[in-house]
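J.: With chain A's structure known, arrange chain B on it following the hints.
These protein sequence lines are chains A and B, in that order. Following numbering that gives the first Met the number 0, the numbering of the first sequence begins with 0 at its first residue and continues without gaps. Following numbering that gives the first Met the number 0, the numbering of the second sequence begins with 0 at its first residue and continues without gaps.
Source of the hints: derived by calculation from the structure; they are not laboratory data. Check the hints yourself; a few may be wrong.
[What the hints assert, rightly or not] Listing some non-contacts, in silico: residues in chain B with all C-beta distances to chain A over 12 Å:
hint, residue
1, Ile12
2, Ser20
3, Lys22
4, Ser107
5, Gln113
6, Lys122
7, Lys140
8, Asn146
9, Pro151
10, Leu161
11, Ala171
12, Asp242
[Said to hold, decoys possible] To be clear about the criterion: a stretch of chain A counts as covered by chain B if any three or more of its residues have a C-beta under 8 Å from a C-beta of chain B, and this derived list gives those stretches:
hint, segment
13, 54-65
14, 148-159
[What the hints assert, rightly or not] Pulled a few chain A residues facing chain B out of the computed Cβ check, cut under 7 Å:
hint, residue
15, Lys71
16, Asn75
17, Ile78
18, Leu98
19, Val105
20, Leu120
21, Ser121
22, Gly136
23, Thr140
24, Arg141
25, Tyr143
26, Asn162
Ideal Cβ positions, reconstructed from N, Cα and C, are used throughout, including at glycine.
Next come the chains, spelled out residue by residue.
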Amino acid sequence: MEDDKIIGMLFDREQKALEYTSEKYGRYLHTVAFRILGNEEDSEECVNDTLLSAWNAIPPTRPTVFSMFLAKITRNFAINRRRAETAAKRGGGEVSLVLAELEETVAGSENTESGVLAEELSEAIRGFVNGLPEREGDIFTRRYFFAQSVKEIAAGYRLSQTNVSVILNRTRSKLREYLTKEQLL
Amino acid sequence: MKAEELFDAMSGIDEKVLDRSEKNLRKGGKSPRGKKSKFRLFAGIAAGVAAAVVVAAVILRPILLNKPVYAKFALAEAEYPKMVESPLGDSGVYTGGDADDMDEWLDSLRKRHQKLTEYGSEKALAGVNAWVEKSLPVLLKGGPGENKVYSPINIYLALGMLGETAGGNTRAQILELLGAGDAADLRARADALWTASYIDDGVTKSLPAASLWLRNDTSYNAALLQNLAKYYHASSFHGKMGDAAYSKASLRRRTRRTPCSMRLPATLRRSSCTRPSITGPISTGNGSAP
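So that you can see chain A by itself, here it is in the shape it has in the complex (with noise of 0.2 Å):
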């Protein structure tokens, strides 16, 4: 079914419309919530909330593109989580190889203002990410929202491993000077 006729179907209140968003993306988004979470059960349960987040949201909301709209609920609920993870039950995994190379971008930073930062920084990473160049854009995005490893990547866009880690460094490496500027570090 059509994202537009879903979403319509949202706005009309038709709980119908759940089950075609489960049964379109619902693999799509425990996949998104797997990479962050490792866990079967836990991603199951973070698409559920997605579901749920969904309903409350739409409307007023009107998404653009639906799928990414849904991917960014799925994503929250899954950092969350694994937030909430005792120390001891926090693995590896991808995720944390995401968090030490995004340490590098942020060493040093001398702005320990967490909460108030939190919108801006969202902010300053829409407009770093919209000025990007399309491949080092779409890499970028891949590896820090979706914490796809570098592999898939270079699988999916038919690069070599050491191409898309060059890419990624450099990129962040522009990050750094962004946020700096922006004076977000």
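T.: Frame of chain A; chain B shown alone:
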């Protein structure tokens, strides 16, 4: 700021960008500007022009399919390493395309230095530096107002070749001058230095080409000429001195045309000529050395 905060903040990425990344991933990647990369366009045009040239040659000028005019005079021909085309193109920036091309090109660049590394780059350069210290004051000595151009590697290799053709004391003196232990050591060093100086990847060209132009009324030591071709990458030719064809062949071989000197469509000329290229002989010997 913590890395987790930055990771969280990625939710700020536009949904359209997220969607684009998803679609491009499924399509197997897309070039940054949404159209064929400059390199692919250049390759496509070059392939088309090359095809047209071949067709014209086959129909109108069969002789063009023959070997170069100097080939018939060859006694021993040096081989130039085949290099992978640079995927960086004219701008020096990777603009997409098959990533295997990038890996292959980087590998071919690294291989140029492999011989030098295996020989021992410090040892090789120590020998060259010693030669430079001795030769510089002598070769650049000139009167006021005189400008001189001096290529240390050029003359080092030429003297090495001379050493190959000499024997006894002369050879010993040359080996000492060049800081080499013996002839085998000098050959290995020359080969390593030559290979490290060579590049021809479609964007950058440095062809340290050496050749010998010999009389054809004398016999030559074939093994020697093969050594010169193999280790010094110097081809040997023989012909009648003063003969027009031989002179022409010598000129053609020594001034091999680069893409910049060919008649090409403007796009190709522009694409292939913005990088510096150094082409031509580093040493040419004429004579009748046995």
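J.: All hints are to be evaluated individually against the structure, with a verdict given for each.
T.: Structure-based check of each hint:
With a cut of 12 Å on Cβ distances, B/Ile12 falls inside the contact zone with chain A, its closest approach being about 5 Å. Once the 12 Å rule is applied to beta carbons, B/Ser20 is inconsistent with being away from chain A; the minimum gap is 4 Å. Its closest Cβ contact with chain A, about 9 Å, brings B/Lys22 to no more than 12 Å, contrary to its assignment away from the interface. At roughly 15 Å, the least C-beta separation between B/Ser107 and chain A is larger than 12 Å, which holds for a residue marked as non-interface.
The non-interface label for B/Gln113 is consistent with chain A: the shortest C-beta to C-beta separation is roughly 19 Å, beyond 12 Å. No beta-carbon of chain A comes within 12 Å of the beta-carbon of B/Lys122; the shortest separation is about 31 Å. Every CB of chain A is more than 12 Å from the CB of B/Lys140 (nearest about 48 Å), matching its label as outside the interface. For B/Asn146, the condition that its CB be more than 12 Å from all CB atoms of chain A holds, with the nearest at approximately 43 Å.
With a least CB separation of 35 Å from chain A, B/Pro151 remains clear of the 12 Å interface cut-off, as annotated. Every beta carbon of chain A lies more than 12 Å from that of B/Leu161, the smallest distance being close to 44 Å; the non-interface claim holds. Under the 12 Å C-beta cut-off, the non-interface status given to B/Ala171 relative to chain A holds; the minimum distance is some 48 Å. With a minimum CB-CB distance of about 53 Å to chain A, B/Asp242 clears the 12 Å threshold, and the non-interface call stands.
Counting residues of the segment 54-65 of chain A whose CB lies closer than 8 Å to any CB of chain B gives 3, which reaches the minimum of 3, so the coverage claim holds. For the segment 148-159 of chain A, the stated coverage by chain B holds: 7 residues have a C-beta nearer than 8 Å to a C-beta of that chain, and at least 3 were required. Below 7 Å, beta-carbon pairs count as interface contacts, and A/Lys71 has one with chain B at about 5 Å; its hint therefore holds. Hint on A/Asn75 holds. Least Cβ distance to chain B is approximately 6 Å, under the 7 Å limit.
Contact between A/Ile78 and chain B, as hinted, is supported at the beta carbon level, the nearest pair being about 6 Å apart and thus within 7 Å. The beta carbon of A/Leu98 is positioned within 7 Å of a beta carbon in chain B (closest approach about 5 Å), and the interface hint is therefore held. A least Cβ separation of about 5 Å between A/Val105 and chain B falls short of the 7 Å threshold, and the interface hint therefore holds. The interface hint given for A/Leu120 holds, since its Cβ lies 4 Å from the closest Cβ of chain B, which is under the 7 Å cut-off.
Evaluation of the A/Ser121 hint against chain B yields a held restraint, the C-beta minimum of about 3 Å falling below 7 Å. The beta carbon of A/Gly136 is positioned within 7 Å of a beta carbon in chain B (closest approach about 6 Å), and the interface hint is therefore held. Nearest Cβ of chain B to the Cβ of A/Thr140: about 4 Å, under the 7 Å cut. The hint holds. With its C-beta approaching chain B no nearer than about 6 Å, A/Arg141 sits inside the 7 Å limit, and its interface hint holds.
Residue-level restraint check for A/Tyr143 holds (minimum Cβ-Cβ distance to chain B is 5 Å; threshold 7 Å). Given hint, A/Asn162 at the interface with chain B, holds; its Cβ is 5 Å from that chain's nearest Cβ, closer than 7 Å.
Checked against the numbered hints above, the structure violates hints 1, 2 and 3; every other hint is satisfied.
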